[in-house]
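Chains as they are written, first to last, in the numbering used here: chain U, 1 to 501; chain Z, 502 to 953; chain B, 954 to 1076.
It is worth saying that the hints were derived from the structure and are not from the lab. All values derive from a computational prediction rather than experimental measurement. Among the hints, erroneous ones may be present.
Unchecked claim - For lysine-lysine, the following BS3-like pairs were computed, each having C-alpha atoms within a straight-line distance of at most 30 Å:
#1 307(U) - 540(Z)
#2 1012(B) - 397(U)
#3 807(Z) - 788(Z)
#4 397(U) - 93(U)
#5 467(U) - 1012(B)
#6 673(Z) - 657(Z)
#7 93(U) - 562(Z)
#8 397(U) - 467(U)
Claimed, not checked - Computed Cβ-Cβ distance ranges for the label pairs, DEER-style:
#9 939(Z) - 35(U): 16 to 24 Å
#10 401(U) - 679(Z): 24 to 32 Å
#11 1062(B) - 520(Z): 32 to 40 Å
Beta carbons are placed, not taken as given, at the ideal position from N, Cα and C, and that holds for glycine.
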Amino acid sequence: MTFTGNRALMLEQPLIFEMGLEDGTGVDIGAPPAIATRLAGLERNRPINLPGLSEPQAVRHYTRLSRQNYAIDLGLFPLGSCTMKHNPRLNEKIARLPGFADIHPLQPTDTVQGALALIDLVGHWLVTLTGMNSVAMSPKAGAHGELCGLLAIRSALEARGDARSVVLVPESAHGTNPATAAFCGYAVENIPANEAGRVDLDALKERLGPDVAGVMITNPNTCGLFEPDMIAISDAVHAAGALVYCDGANFNAIVGRVRPGDLGIDAMHINLHKTFSTPHGGGGPGAGPVVFSEALTPFAPLPFVEKQGDQFVLVEEEIAGEHHGRTFGRMTAFHGQMGMFTRAASYMLSHGADGLRQVAEDAVLNANYVLRQLEDVLDAPFGASGPCMHEALFSDKGFEGGLSTLDLAKGLIDEGFHPMTMYFPLVVHGAMLVEPTETESKAALDEFIGALRSVAQRAKAGDQDLKAAPVHAPRRRLDETLAARRPVLTYRAPDPAEAAE
Amino acid sequence: MRYLPLSDADRGAMLGAIGATSIDDLFVDVPEAAHLDRKIAALPDHASELSVERQLGALAKRNMVAGEVPFFLGCGAYRHHIPASVDHLIQRGEFLTSYTPYQPEIAQGTLQALFEFQTQVARLFGCEVANASMYDGSTACWEAIVMARRVTRRGKAILSSGLHPHYVEVAKTMARFTGDLLETAFPELLPTTDVARLLGAIDGETSCVVVQYPDILGRIGDLSEIAARCREQGALLIAVVTEPVALGALRPPGEMGADIVVGEGQSIGVGLNFGGPYVGLFACREKLVRQMPGRLCGETVDADGKRGFVLTLSTREQHIRREKATSNICTNSGLCALAFTIHMTLLGERGLRDLAAVNHARACQAADKFAQLRGVEVVNQSFFNEFTLCLPKEARPVVRAMADAGVLGGVSLGRLYPGAATLENGLVVAVTETVTEEDIDAFAAALQEALA
Amino acid sequence: MSLYFTEQHEWIRVDGDVATVGITDHAQGQLGDVVFVEVPDAGRALRKGGEAAVVESVKAASDVYAPASGEVVEGNQALVDDPSLVNTSAEADGWFFTLRLSDTAELEGLMDEPAYRSYVASR
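Based on the sequences and whatever the hints tell you, model everything.
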């Protein structure tokens, strides 16, 4: 153990509140003039208790923190359904052009025609790639996009006087799907899967009826499999008077090779931070634009961009009444995640139609390669039924000595990889969902496959050392029970009496 | 293609290893009717970096840049100076390209920064706890209303007339579907806020009162009386802060008795970005923490007894609770929260107070200058860095005329409240530390010209 | 005193018209470390099969349903202060609430101990 607690390049860093820097600062503001204030007598009269660091101290603080993070820039993230592809730096350069970054959303629209043109460009690419009729650009993330899609569906049904009360969701769906449906006021019922891991079409047809407003389908589904009956599913749903919502989280598998519009869907959100390479940023920001069929287009939310003649117009509340009177309303202040649109535009133009098609092909190829190279050592529940799409699904069958998927995942951390998606989808025991994406080289895949093979073999041999993993990370396993039983969510200075002991 | 590492030789080798003859074998589950056998012709092919920069640079050039002209817009998005190191730090690959910290052993960087962020937000707002960010201020405001419904089990929310109209529209849109009742009103061009109206409206069926501080016209109102009445009636007070720099000079809502404080963090670290991405701030009393939406970062220890941080209380969230979740939010605004916390750390209390003082002094200077123009009145009795002018004619065309003259002169109330005749002469003007004396003179000259 | 079990893994111990309700040891094992419990207030009316309480662990959250209808006599405050009691003593000190039954006939559909043990074993 060293004096500092450091280990060469792995450096510990206290909280900013523990550095005794209550009076510090890293900016030079200049003494404000003394004036008679007009603050309604509500001036602050107590300290805020916010420490300030000089620039060198701040840079060191955050640089040290950053080094305790895994990232795409460091290595492969095999996270199923997250599409952790490389985040191109050109995206960052484009997003920071002053003409995009330093403009205010409420400037007169004549002064921001280029910005509106960019939003229109991204919308055009999304509509063309999906074969749909229109796009709502304002949702702030995938889950927000799901909400947008379902609210449009509910509005459409209410407009035709046929409200309905139930939404059907596959058991394997991502948790945001039923959560969103519940927020929209629907009761949620499960659609079972068949033995091939797909939606049971017969069970679905049986359940459809005058009380079903819609279905939420992910395609490819959360087991990494394409739903071959998708057209039949859409037809059956429409015949029953309901509408189809498609979760577009897995669009990376089919972009440029399949247009969801050709599968009969009515609404689909697209995670720009997945298929379109905008950075994950440690938990956002993302963007979740939603493409709509003709049936749902009239209900799309405000605001949106429209070309009228050679001008771009922002359709906000005031002019909406003239030609978009059935909109369900506004989902967010201002216009949407412009910073993500610029990044997505840079990516779309860079890849082009030929490149995006290649993206899907390489993503699917990489996942199938991983599947076939590992299915001798890890159980692949659907491996025998045909190829997977962009992600490969394994289970914990054959693990010995009480070892679990979690133990395997922590072992993988020591090998230098972020774990894959675990315990999802719920329909497979100890599920491990691996999505390499197309930006991994064959060498990177081979290294990952070797590491996963090694840890899997240890799990099947019941190697109890895995229970202690990870041992090389900046922290060992953390006590989540303690964190939840006695939540400490902000810094509290220790009691001086306790500190003196 | 520069983002695709696989070579044709690799592809061939891998297909061989899989036992497939071509990539089409792997798409065998796609029905013929939906399968595209060649690339989409309506879109162009791939392009070099140079070409993409040219195309998108051309679009960027068609916009009037805030930093290049006298600039006075606010109304929920403010132009402040961001220290140079913020942008460098958030672009470190370990922050930019990292994932949500579900594997805490290899995400302590993100988690510690979030813990510091939560602490800063809670202290700034005068509250006990804060979450790890929402999408933006408007969705945070709606989520607070939903939370108040859960906590009080009542369905009627009173929204102050000073609440940002976009925030009101978002709440109205959502309430149509959830059945929440909202009492709303347009603002009036009066010197003080609508405290009296609110006090009169709170009763035993009120779930919450939502008040913006400072409000959409820039007015500052004491929240203490409203907080007391809410407490009497068993309702929650929700305060909305769209300009957090104001809290460098003003008493925070938590101190005045607000139960939930939400806001827009964009002013600190994030930049205008034409409206997004921004960062929603959400803070409340500790006893309400289990009803709070969004992610929470908590302190704990690891197997060696070392302090560490983890996402906690996640059973409230969508991926576990499914239908019963407190919210459906998943991806939030992590990198913007990081930018906020870095900027706040560089400011420190001293820097934030000085920054707020400079903003207020500059705004007073501008208000005094503009009040001297013929026919122009300053509506506000109080303001921080944003105030409303009442012009002798409709403000919206005046703003356009000023823009033609190269001055971005504020936001007309006609833009925010289209069709509201009582407000159409109103112009909301924001003055931050980025505004110079020359800018103020240019505004005055352009306004005078436009009114002539 | 009689002891019954439900398919949702609740137990109910009946003494005259007052019953004590909790979750089974099997259920607490499935949940993992319990971090939070919400128990009903005295006087609250419960319907058989309706939501009565909430139990949260690190990885899951579950509703606890009322095995029979009645009025709550008392919620177990000890659980609110120390949720780990559910793990260490699910079928004794980890009780959730007591209930004054409104219709003892509702107990007829419930399982006895041997029936519950084989129900668990079969899953």
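Hints, one by one, checked against the model:
1. 307(U) - 540(Z): holds, 26 Å
2. 1012(B) - 397(U): holds, 21 Å
3. 807(Z) - 788(Z): holds, 28 Å
4. 397(U) - 93(U): Between residue 397(U) and residue 93(U) the Cα gap is close to 46 Å, so the pair fails against 30 Å, i.e. violated.
5. 467(U) - 1012(B): holds, 18 Å
6. 673(Z) - 657(Z): holds, 12 Å
7. 93(U) - 562(Z): Distance of about 15 Å is within 30 Å: holds.
8. 397(U) - 467(U): holds, 17 Å
9. 939(Z) - 35(U): 16 to 24 Å: holds, 20 Å
10. 401(U) - 679(Z): 24 to 32 Å: violated, 49 Å
11. 1062(B) - 520(Z): 32 to 40 Å: violated, 55 Å
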